[in-house]
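Participant: These protein sequences, in sequence, are chains A and B. Numbering-wise (our numbering), the first sequence opens with residue 1 and increments by one. Numbering-wise (our numbering), the second sequence opens with residue 190 and increments by one.
Misleading hints may appear alongside valid ones.
Stated by the list, open to error - In the SDA-like style, the derived pairs of lysine to any residue whose C-alpha atoms are separated by at most 20 angstroms in a straight line are:
{"id": "1", "chain 1": "A", "residue 1": "Lys-111", "chain 2": "B", "residue 2": "Pro-538"}
{"id": "2", "chain 1": "A", "residue 1": "Lys-170", "chain 2": "B", "residue 2": "Thr-725"}
{"id": "3", "chain 1": "B", "residue 1": "Lys-348", "chain 2": "B", "residue 2": "Leu-411"}
{"id": "4", "chain 1": "A", "residue 1": "Lys-169", "chain 2": "B", "residue 2": "Arg-724"}
{"id": "5", "chain 1": "A", "residue 1": "Lys-170", "chain 2": "B", "residue 2": "Asn-230"}
{"id": "6", "chain 1": "A", "residue 1": "Lys-169", "chain 2": "B", "residue 2": "Asn-233"}
Think of the hints as simulated: they come from the structure by calculation, not from any bench.
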Amino acid sequence: MKTDIILAGVGGQGILSIAAVIGEAALEDGLYMKQSEVHGMSQRGGDVQSHLRISDRPVASDLIPSGSADIIISLEPMEALRYLPYLKKDGWIVTNSKSFENIPNYPEKSKIMEEYDKLPNKIVLDVEQIAKDLGAPRSSNVVLLGAASPFTGIGFDKLENGIRSIFGKKGENVVEMNLKALRAGAGKR
Amino acid sequence: MNKQLFLGDEAIAQAAIDAGLSGVYSYPGTPSTEITEYIQNAVNTVETLRTASLHAVWCSNEKTALETALGMSYAGKRTLSCMKHVGLNVAADAFMNIAMTGINGGMIIVTADDPSMHSSQNEQDNRVYGNFAMIPVFEPSNQQEAYDMVYEGYDLSEKLGYPVLLRITTRMAHSRAGVVTRDRKPQNPVRVEKDAGLKYILLPANARNRFKILIEKQKEFLEASENSKYNRLYTPSIPPEGGVGIIACGLAFNYLQENFPNGFEHPVLKISQYPIPRKQLLQLVEACDEILVLEDGYPVVEEQLKGYLGIGLKVHGRLDGTLQRDGELTPDKVRKALGLEVVSPYNVPEIVAARPPALCAGCGHRDVYEALNEVIKEYENAKVFSDIGCYTLGALPPFRAIDSCIDMGASITMARGAADAGIFPSLAVIGDSTFTHSGMTGLLDCVNSNANVLIIISDNETTGMTGGQDSAATGRIHAICKGIGVHPDHLKEIVPLKKNFEEMKKLIREEIEYPGVSVIVPCRECIQTHARKARTKNKQK
Chain A
1 MKTDIILAGV GGQGILSIAA VIGEAALEDG LYMKQSEVHG MSQRGGDVQS
51 HLRISDRPVA SDLIPSGSAD IIISLEPMEA LRYLPYLKKD GWIVTNSKSF
101 ENIPNYPEKS KIMEEYDKLP NKIVLDVEQI AKDLGAPRSS NVVLLGAASP
151 FTGIGFDKLE NGIRSIFGKK GENVVEMNLK ALRAGAGKR
Chain B
190 MNKQLFLGDE AIAQAAIDAG LSGVYSYPGT PSTEITEYIQ NAVNTVETLR
240 TASLHAVWCS NEKTALETAL GMSYAGKRTL SCMKHVGLNV AADAFMNIAM
290 TGINGGMIIV TADDPSMHSS QNEQDNRVYG NFAMIPVFEP SNQQEAYDMV
340 YEGYDLSEKL GYPVLLRITT RMAHSRAGVV TRDRKPQNPV RVEKDAGLKY
390 ILLPANARNR FKILIEKQKE FLEASENSKY NRLYTPSIPP EGGVGIIACG
440 LAFNYLQENF PNGFEHPVLK ISQYPIPRKQ LLQLVEACDE ILVLEDGYPV
490 VEEQLKGYLG IGLKVHGRLD GTLQRDGELT PDKVRKALGL EVVSPYNVPE
540 IVAARPPALC AGCGHRDVYE ALNEVIKEYE NAKVFSDIGC YTLGALPPFR
590 AIDSCIDMGA SITMARGAAD AGIFPSLAVI GDSTFTHSGM TGLLDCVNSN
640 ANVLIIISDN ETTGMTGGQD SAATGRIHAI CKGIGVHPDH LKEIVPLKKN
690 FEEMKKLIRE EIEYPGVSVI VPCRECIQTH ARKARTKNKQ K
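Work out the full structure, taking the sequences as your base and the hints as a guide.
Facilitator: See below:
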């Protein structure tokens with residue numbers, strides 16, 4: 001088993017929390033992993049990405065080679081496209097549909113969707129709306145993780161445990177909220 | 190077996206704690222910051238560490254940090270000093286001379302290099318410094334090695350009597366993997382060397398002696414390298430006749446492995462400890478006609494093998510274009526260097542726009558630049574010299590407010606030089622932490638020569654860019670400037686808020702017109718640290 005995941009978004013959107021949950025779940029599953037992330041300057045409203053590699057054999061490179069990512073999980077639709085060269089031919093994109101426009105030359109929404117039309121495997125979801133409807137507006141990133149969960153190669157129950165362990169410090173309410181968000185994203189109740 | 194998910198930085202921090210660390214002294218700098226932060230956090234949360242008086246502190250700059258670490262080592266205790274690559278330039282005076290004296294308690298110096306310049310001004314490779322100072326260097330290829338090198342590195346440092354330089358890169362610092370930790374050792378007792386004699390007194394006559402000792406020590410350092418478990422020669426089961434041998438340093442070894450998932454087809458020498466292990470290198474060279482060197486950073490090993498004239502051994506790498514000369518290594522770059530094809534089924538669509546980092550909404554630096562830009566418009570030849578920090582982002586749209594960013598403190602000194610040359614108005618914009626790191630001496634120079642400069646110390650009461658570490662003189666910037674000799678009539682403070690916009694413009698204009706040293710301190714706490722404090726307070730309620 002081997003899953004290579006690119007996580008993408010804009011600094012501050014919460015991609016590292018997604019990475020932390022998957023990482024925790026992978027560790028519990030006895031899997032090897034490496035996860036490379038971005039700190040420092042790029043955090044401030046700039047594009048951010050994380051390479052997450054999970055395998056039942058030791059992982060060599062901290063970075064994913066071109067053309068070999070199984071999924072791109074993105075909290076922003078244009079940001080997902082930035083990492084397309086990493087995606088393998090039959091790989092999946094799971095992205096938030098809502099744009100984050102903090103630059104003057106942000107492309108037209110329709111142009112972005114045209115690019116998605118060209119891709120064979122994608123899930124485009126308004127995770128912010130779903131999170132709001134659940135009464136968990138801060139858990140949109142976990143909704144997205146839920147949507148991507150079938151492609152991670154990690155059992156859903158392990159991801160749930162990952163949520164419990166990562167958000168446990170913040171109290172039972174936060175854990176429940178995020179479990180709800182994860183299930184909603186996965187289309188489960 | 191205790192396996193935990195650690196960033197490279199965290200693995201180093203935990204290893205130092207487990208090896209019986211007594212003090213870490215650092216200055217924040219991406220990608221090294223998390224090491225010291227981790228230890229600080231551990232001291233605050235782990236009862237046995239809190240009571241063990243483990244010192245974990247931010248210092249004014251890397252030089253004061255490293256010298257403090259030397260003092261702790263002098264007393265016999267184990268110590269750590271962490272910095273980003275350019276930080277070692279600041280600490281270089283101490284660094285080069287600690288290699289002359291040697292140490293007592295184990296000392297590890299961490300340099301976190303930043304190839305590809307993710308958040309730095311250059312991509313200098315500090316293995317060069319290790320070579321320059323003639324001390325052993327570790328370069329881990331994974332997080333577990335980083336842990337082990339630090340855990341055991343203290344023993345090595347004490348055995349050899351010299352500091353060890355641990356060189357990591359951004360990728361190692363900020364990548365997470367499972368790490369097995371070991372039992373925590375007790376701290377060393379205070380144990381000053383009774384026979385230290387002149388060891389720490391680098392007067393010329395003694396320094397000459399110390400240098401001879403350092404030269405003599407090289408044999409031991411090489412021996413340590415040749416016997417190191419981190420250096421290893423891999424020979425394929427069917428040895429090829431001649432052909433290409435590969436040297437892979439640090440992280441490059443992983444990228445090589447990535448491209449040979451079923452085992453290497455070439456003889457491979459993995460190097461993670463320096464000086465370069467001569468014995469294994471000779472074995473590799475004897476078995477191969479050509480050598481490919483894979484290293485992240487400068488062609489340090491490649492240059493040593495190739496020699497200046499490049500006659501003799503055929504060496505490929507960054508110098509002959511087999512690998513790109515600049516930038517971080519990647520599995521793709523290594524793949525190309527191996528002559529294998531890199532395939533991407535999809536390209537980046539043209540519509541994808543760059544998204545550079547920006548100052549946070551509501552940040553005080555924004556208010557400073559908005560006012561400054563308004564006033565500057567009135568002066569055709571104005572130049573604004575700036576510095577290292579969040580406010581460097583003032584170079585980007587919409588502000589485009591600054592003309593320089595060189596090194597810590599260079600804003601003030603450049604402004605003075607430019608003013609001497611006739612630039613008017615000549616301004617500096619520097620943050621509070623950068624000011625206390627390396628700006629104060631420049632300000633003294635300005636005062637001593639009554640330079641016609643306006644210095645804006647944009648004070649957000651933290652070290653913002655690295656994530657909000659303590660700033661050395663929070664609440665005391667005004668007093669420091671006054672003490673250095675800035676005239677009180679031209680030392681102004683203001684809160685950078687929209688409501689003070691006109692007032693700030695007026696201040697800037699007035700102080701530009703004053704023919705001498707003026708300092709304006711716009712002071713408002715970083716909105717990120719402010720928000721974090723509010724969250725912590727709420728939690729405690």
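Participant: Each hint: holds or not?
Facilitator: Each hint, compared with the structure:
| no. | hint | verdict |
| --- | --- | --- |
| 1 | A:Lys-111 with B:Pro-538 | 10 angstroms, holds |
| 2 | A:Lys-170 with B:Thr-725 | 11 angstroms, holds |
| 3 | B:Lys-348 with B:Leu-411 | 14 angstroms, holds |
| 4 | A:Lys-169 with B:Arg-724 | 14 angstroms, holds |
| 5 | A:Lys-170 with B:Asn-230 | 18 angstroms, holds |
| 6 | A:Lys-169 with B:Asn-233 | 16 angstroms, holds |
Hint check: no violations occur; every hint is consistent with the structure.
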